[in-house]
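One-letter residues, chain by chain:
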Amino acid sequence: MEVKNANAAILSNYEVFKLLTDLKEQRKDSGKNKHSAGQQNLNTIMYETLKYLSKTPCSRQSPEIVKEFLTTMMPHKLTKAEKLQLLNHRPQTAVEIQLMVEESEERLSEEQIEELIQTVAGVLPGDPEQENTAPADTEMDEEQT
Amino acid sequence: MFVLVEMVDTVRIPPWNFQRKLNEAIAEELNKKLANKVVYNVGLCICLYDITKLEDSYIFPGDGASHTKVHFRYVVFHPCLDEILVGKIKYCSQEGVHVTMGFFDDILIPPESLQQPAKFDEAEQVWLWEYETDEGAHDLYMDQGEEIRFRVSDELFVDTSPTGPASAAPETPAQPGQSTAPPPEDSMEKKEAPYTLIGTICEPGLGLLSWWNS
Chain A
1 MEVKNANAAI
11 LSNYEVFKLL
21 TDLKEQRKDS
31 GKNKHSAGQQ
41 NLNTIMYETL
51 KYLSKTPCSR
61 QSPEIVKEFL
71 TTMMPHKLTK
81 AEKLQLLNHR
91 PQTAVEIQLM
101 VEESEERLSE
111 EQIEELIQTV
121 AGVLPGDPEQ
131 ENTAPADTEM
141 DEEQT
Chain B
1 MFVLVEMVDT
11 VRIPPWNFQR
21 KLNEAIAEEL
31 NKKLANKVVY
41 NVGLCICLYD
51 ITKLEDSYIF
61 PGDGASHTKV
71 HFRYVVFHPC
81 LDEILVGKIK
91 YCSQEGVHVT
101 MGFFDDILIP
111 PESLQQPAKF
121 DEAEQVWLWE
131 YETDEGAHDL
141 YMDQGEEIRF
151 RVSDELFVDT
161 SPTGPASAAP
171 ETPAQPGQST
181 APPPEDSMEK
191 KEAPYTLIGT
201 ICEPGLGLLS
211 WWNS
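Residue numbers (the UniProt record's numbering), protein chains in the order written: chain A, 1 to 145; chain B, 1 to 214.
Rather than coming from a laboratory, the hints here were simulated on the basis of the structure.
Warning: the hint list may mix true and false statements.
As the list claims (entries may be wrong) - In silico DMTMM-like pairs for lysine to aspartate or glutamate, Cα to Cα no more than 20 Å straight-line:
1) A:K4 with B:E83
2) B:K88 with A:E25
3) A:K55 with B:D50
4) B:K32 with A:E110
5) A:K55 with B:E55
6) A:K83 with B:D82
7) B:K21 with A:E2
8) B:K37 with A:D29
9) A:K80 with B:E83
10) A:K4 with B:E55
11) A:K55 with B:D105
12) B:K33 with A:E2
13) B:K32 with A:E114
14) B:K37 with A:E48
15) A:K55 with B:D9
16) B:K88 with B:E146
17) B:K69 with B:D9
18) B:K21 with A:D29
19) A:K51 with B:D106
20) B:K69 with A:E48
21) A:K4 with B:E6
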C-alpha cells in the first residue's frame, strides 16, 4: 500500500458525521448478508465515531448551514483551520475563541470577539436542551420553556 | 480533526465475490483492511471516502482471484498540531491524565502540561489543580469520565509492524489475515500504542469543561 498524499484535504466533523450516517443506513438496508462478515473493525470504528460526533454540534448542521457559516465568516479574516475549529466546536465564550484563533489578542478586538460569538451562535444551531441555560441570546431561539 | 488521505493499493478479490459489483467488493476489502487501524505517520483510519480510479484487473497463474490497483481516498483521524479537541478523562496516573475520545484512546496529558500548580492525589489516584483565589486555594479534581478540552501539542507514531529475522523488514503485512499475528517477544513486553497524542491544558479555557462554564 502506498500513501500518495497524507493530507489531501481537511474534513469537517459534519462531513464525517454525514458519511458515517449514510454508510450505516446503507449497511442496514443491505441487511445482514454474508458479505458483512469480517467487518467488525469497520463496525466498531463507525459506532464509536458516530457516538462521539453525535454529541458535538456537527450533528445539527447541514450543508446549507455550513455554507452560510463560511459566508458570514468571510469578513472576519480567519484562516481555514480556524474557521473549521469554530464550525466543529461552536464556541460560546470569549475564552474559547481565544483558544481557537491564534494570537487573537492582536488580531481581534473585544467587540470583534463578541461579534464572532454572536454570529457563531446565530448561524450554527445549538443543543436545544442546553440552549436554555446558556447565556447566548440568539434572536432565533425560543425564549420560554 | 479528520483528514482525507489519498492512497493506492492493489486489492485482491476472491472468485466468490465476482458476482458482486467490483466497486462494492473493493470498498469492502479496503474497509476490512484499514478501518480502525493506524497507518504509520498517517493516523487512525476511519472509513473509505471514495474510489477515484480503478486500474485494470489481473488474474495471475495459480490464483483464481483478481488483483486490481485502486486509487482511493480514506477518512483518517489525524488532528493538526495545536488543534483543540474535547475528550473524556479515562483515568489518571503518575504519568499524567489519560484521555479518550471513544474511538481513539491513546491521548496523554503529561503532568507538566496540566494547569499549574497541579498535584497528584495518591490516595484517590487523581490529578488536581490547586486553583488560587482571593479566599484561598481551591482543589479542582480531574475525575474519571469528566469532559476535558485540550490542545494537541505533539504526536507520536511507533512502528509496531512485526520485525523480520535479522534485518527488520520495512514492509507491513499485505494480507489482512496476517496482521493479527502475535508480535515477536523480543520487541517489548507491553503492547505499545502505534499512535499517541500528547495534549496540554496549560492555558486559560483548557481543562474540564465545567471549570470554564460559569
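Structure-based check of each hint:
no.	hint	verdict
1	A:K4 with B:E83	24 Å, violated
2	B:K88 with A:E25	28 Å, violated
3	A:K55 with B:D50	26 Å, violated
4	B:K32 with A:E110	50 Å, violated
5	A:K55 with B:E55	40 Å, violated
6	A:K83 with B:D82	14 Å, holds
7	B:K21 with A:E2	24 Å, violated
8	B:K37 with A:D29	26 Å, violated
9	A:K80 with B:E83	12 Å, holds
10	A:K4 with B:E55	16 Å, holds
11	A:K55 with B:D105	17 Å, holds
12	B:K33 with A:E2	14 Å, holds
13	B:K32 with A:E114	47 Å, violated
14	B:K37 with A:E48	14 Å, holds
15	A:K55 with B:D9	34 Å, violated
16	B:K88 with B:E146	5 Å, holds
17	B:K69 with B:D9	6 Å, holds
18	B:K21 with A:D29	17 Å, holds
19	A:K51 with B:D106	18 Å, holds
20	B:K69 with A:E48	30 Å, violated
21	A:K4 with B:E6	5 Å, holds
When the structure is compared with the earlier hints, violations turn up for hints 1, 2, 3, 4, 5, 7, 8, 13, 15 and 20 and for no others.
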